[in-house]
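Colleague: Residue numbers (the numbering used here), protein chains in the order written: chain A, 285 to 627; chain B, 285 to 627; chain C, 285 to 627; chain D, 285 to 627.
Wrong hints could be hidden among the right ones.
In this list, chains with the same sequence are indistinguishable; a pair is considered to hold if it fits within one copy or across any two.
No farther apart than 25 Å at their CA atoms in a straight line, the calculated lysine to any residue pairs in the SDA-like style are these [unchecked claim]:
| # | residue 1 | residue 2 |
| --- | --- | --- |
| 1 | LYS424 | ARG550 |
| 2 | LYS424 | GLY549 |
| 3 | LYS424 | ARG562 |
| 4 | LYS300 | PRO449 |
| 5 | LYS334 | ALA399 |
| 6 | LYS300 | ALA556 |
| 7 | LYS300 | GLY433 |
| 8 | LYS424 | LEU489 |
To be clear, the hints were calculated from the coordinates, so they are not data collected in a lab.
The chain contents come next:
Protein chains: 4
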Amino acid sequence: MTTNGTLGVAVIGTGKMGADHVRRIDAVISGARVAAVADIDGDRAEALAKTVEGCTAYTDPAAAMASPDVDAVLIASPGPAHEEALLTAFEHDLPVLCEKPLTPDPESALRVLEAEQRLGRRRVQVGFMRRFDSEYMRLKRTLAEGHLGRPLMLHCRHRNVSVHPYFTAEMLITDSVAHEMDCTRWLLEQEITAVTVLRPTPSSLSPEQLNDPQLVIFETDGGALVDVEIFGNCGFGYQVRTEAVCERGTARIGDDHGMFTNAAGRWGGEIAQDYVERFADAYDREVQQWVDATRRGEVVGPSAWDGYAVAAVSRAGVTAQATGRRTVVEMIERPAFYAPDRR
Amino acid sequence: MTTNGTLGVAVIGTGKMGADHVRRIDAVISGARVAAVADIDGDRAEALAKTVEGCTAYTDPAAAMASPDVDAVLIASPGPAHEEALLTAFEHDLPVLCEKPLTPDPESALRVLEAEQRLGRRRVQVGFMRRFDSEYMRLKRTLAEGHLGRPLMLHCRHRNVSVHPYFTAEMLITDSVAHEMDCTRWLLEQEITAVTVLRPTPSSLSPEQLNDPQLVIFETDGGALVDVEIFGNCGFGYQVRTEAVCERGTARIGDDHGMFTNAAGRWGGEIAQDYVERFADAYDREVQQWVDATRRGEVVGPSAWDGYAVAAVSRAGVTAQATGRRTVVEMIERPAFYAPDRR
Amino acid sequence: MTTNGTLGVAVIGTGKMGADHVRRIDAVISGARVAAVADIDGDRAEALAKTVEGCTAYTDPAAAMASPDVDAVLIASPGPAHEEALLTAFEHDLPVLCEKPLTPDPESALRVLEAEQRLGRRRVQVGFMRRFDSEYMRLKRTLAEGHLGRPLMLHCRHRNVSVHPYFTAEMLITDSVAHEMDCTRWLLEQEITAVTVLRPTPSSLSPEQLNDPQLVIFETDGGALVDVEIFGNCGFGYQVRTEAVCERGTARIGDDHGMFTNAAGRWGGEIAQDYVERFADAYDREVQQWVDATRRGEVVGPSAWDGYAVAAVSRAGVTAQATGRRTVVEMIERPAFYAPDRR
Amino acid sequence: MTTNGTLGVAVIGTGKMGADHVRRIDAVISGARVAAVADIDGDRAEALAKTVEGCTAYTDPAAAMASPDVDAVLIASPGPAHEEALLTAFEHDLPVLCEKPLTPDPESALRVLEAEQRLGRRRVQVGFMRRFDSEYMRLKRTLAEGHLGRPLMLHCRHRNVSVHPYFTAEMLITDSVAHEMDCTRWLLEQEITAVTVLRPTPSSLSPEQLNDPQLVIFETDGGALVDVEIFGNCGFGYQVRTEAVCERGTARIGDDHGMFTNAAGRWGGEIAQDYVERFADAYDREVQQWVDATRRGEVVGPSAWDGYAVAAVSRAGVTAQATGRRTVVEMIERPAFYAPDRR
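Bound-form chain A, shown alone (with noise of 0.2 Å):
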């Protein structure tokens, strides 16, 4: 840590995700400033750099981790990347904030867990944003206070007005319905351990490999029922929605109720139209506790062991999708490393 107890953040990745965390970093979040950036890119890396006063642009993550300035790192380079660049965070012992996922599968998210329990402490903390969300917090002090009693089933509902060209059915699962295991684990506190996909003929204003809209169902150890309605092109905003079914209650966050308008035969509001305005808040509140943890010499929120079972149950989603048959997940156990009263 810096003298006046500022944390220099080496970004690595400057694409849409690692431009965005360098302009928050800079502009909005207190006690850390952008120390490097690196992408292979150099002169993406460079041009991103300018912006910020005293940032140094590196092409080599391993060079800008290396850098004296730099006391944690922030990795938003493509998934494939994340492995080294994780290591590498750990041969100079420092603390990570990385993006989901945190890596593309469950062998090599197995290898950063070995890798982190070697160092005899943790240092990830992994990119799931909702768990910052004013809303889904709301809904997990909730479940927490037991007022609607055990959670039964969970109804989620995930819309974009329309992805990529290049987006597949997989990646639904993988890219998309990931937050959604992700909310599953950390709402309920139990792990998933079987996926169904099921799927109505797709819409015609999706793209046709997309099979577009999906239902994909978890079952949990704890015996909760979990669907997810995934549509990657509902063509009217982002949605994103969870009811909670308990056995005295519900509580539904996601509705989007800001501010009401009269006009034209019609009441109602406007729906963001991406993740970007729905969960701005999220994301800086997220990188703010990161922060504000890492300078107390903590790790919180979710971490390696949660990007590794995400990976588990994104492979079981996948298989499950091409099949159409029930997948059961296949997960190591939880090393007592990553016992949740030691988060």
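Since the structure of chain A is provided, determine the placement of chains B, C and D on it from the hints.
Modeller: For chains B, C and D alone, coordinates are given in the frame of chain A:
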């Protein structure tokens, strides 16, 4: 009453409202039939009579009421014709459902009150249909239950898509806000003692003479304060809302949240476009309950006193609107004949 | 039909539902009267008959139907008695409104279909009252208008405060989800081809044998996917919701937002506590439209075919529930007699 | 500005609001640090200073402002102390964020305006935090876009669970409705020209001297009409609502629909219990934007003119409340120095 117990009704006036009541009694209402219709416009009466089995057309209301098939009268002629029609019904000792207004001014309303008192028993129900709307009934019940404490204020909105070109500023009070006068008196069980009318610069989309919208304020003898936004040309829908502010909480009706859609970047629903749509069920319930009570030999619902009170408040409202001053309502004392517990 | 055109109705079965229909026809419905009631429990029939002028009590449904005062039959006896009552009505060539289920199993339903076809014209309307609920009608109209595009999924919730102690898991399908079977077929104009039943660990607040709640999934011959949460003991209210997810948007009904209150730290409203409260207007509209159509000599509304289809889907649902497996619905082909355009 | 660009802030006043700002600047705000705190109560200042690294406590605001570590001032002392603190800040040519009220009366506010004008450039932002609330910003943007047409009326609700025992009827105007004065001026970009205060019989649950609730009415120089329900002891929650009624539609904020629950016969959600909870994000955004603008050498947000205008309207409001009469607002003409396009 006819031998088989079906109530034979004479409908006086065959304009929009009268024709709608004929259809209603014929097709929807249990225990009644349209025995006669009367209108100065004999052709119109004739044409309407033909739509109903066993219905006779008259040009003279008195002749219709004299028919042995007629057990009860529904007055839906223009307001200025009400007094004569009511007095004729009294001569035949027939029960009456009289569309609002009872009569157009307090003096004529008083004459009706006196004539009814001379009959020695109540014969008149006035057509304030909101009292039969399920949401208004729910609000009334909530206030009566008392959990929210004493009502302190009502905030009312009364919005029309547009009004007829012949509509005047005065009619905003006497035709439209008349409903809020009745609702205020009914919900609070208090009389209105003073009226003030305030106005913003009018909407450029309303006819100039209308001075639309306006804010009408009632004070009551129970110390409540009521504000009514009346907007004759709001453009977007027909919307009637009331929020009661009580000592321990508030209750609001009129949000029209029947079906939600998500489409084209917006969530929300459709707004009813006129009072026929908004209050269809209320009209049905009003007439059914009138028929039921009449067949039992009773008179329930808003009385001639309520009609008189609204006429008196309307007069104060028109003065307040013209002068810009708070205007005290002038009313006679409520005769024991119209005591609420005698309703 | 009697000379004055009033429809004389025989109500078969005088339990809760039958008694409610007797009250309805007597007090609410236009153009009909209760001419006869029949029940094995003669005392109960007698007591009910006394509440209506000119109504005769019978212990034998056939005797009631043979009465010259009877023009039409409303069957509200227990499901196992329906087949015989229907066939008797056919013998007298009487139009019938038959409470759901048409019959308890597809075989008996088929026999009814065949008997009706032998009559050469339709006589039966089945009592799926949701088709007459204003919100469901609004949803149906919205889907038909097509602005939202083709429906892809329905998300349904069906929650009861509690069910009777004798209620079984099987009845969750045959008694409760039967409504969603009909709504699905009616809203989408598609047949259900397969059923799957999934279950979380049951609520500890529900009777053990009930395995409550459950998630029932329908597939249709039009490629739609429907999920139904059925919760017999949700504890908080009677709540029926449907969200249709279409290619360009979604539409949702069932939020019950009639009156908002603010009190004691909470905003919101009351939830209906049973189906009689929630669907009161739907029952009224159903019976009124049946009476109106019958007096015109027509048969409209859900047909015996709809009753058979629900019996067939229910059987698949019960199998799916017992085996835990996706179960294909076995149905005969729709006879031309029951073609939709002949409705 | 310090060499590393971090803004050193002196917080004057260490009561509830001042302490909250110290915490905020220390933990949430990017680009600023608390360099000094000042309070007559030296112990309280001392205790607060200890919670922040590198923060010095003072009893004399002038001494704090004279510190070389101080680049900007946040005034959170009681209103009567504001004038002196502001003038001292001007002497040191320091930018100021001054909690509302600017000063307690128009005369002292005028002196501040004059002193700021003598500086030759603006230094003051007044702490009207609602302008930084996301819903208010959305409403402002909607009105500015113009699709709804010209705003004609605002209906405002301002409800507190309860107010302190020392709260007076006058403070309902000067402390509470002051926010609606600012919002009205900001949303409409018009000045308030007259105030009327109306009252029902007070709630029996409010302290007697409070005459709670009240209805305050503003007229503006643009012809708009604004009604404000101010309710100091509504008992159920902290609720701030505004509905703008425009020529083509209306827009409403403040419904607080974050999470819906179904439980115990009711649907709905929780109401925020105080302004700290309701406006937490607005305070954060306000201070962050002040820090950002200050570091850029700019002054944005509500100006001293806005503070003066609210003081002038408050005076008229207090007179209107005391006399029961419509009271004209007396204000100087807006100096060119405070022209909106110079904001």
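Colleague: Taking the earlier hints as the rules, which of them does this structure contradict?
Modeller: 5 and 7
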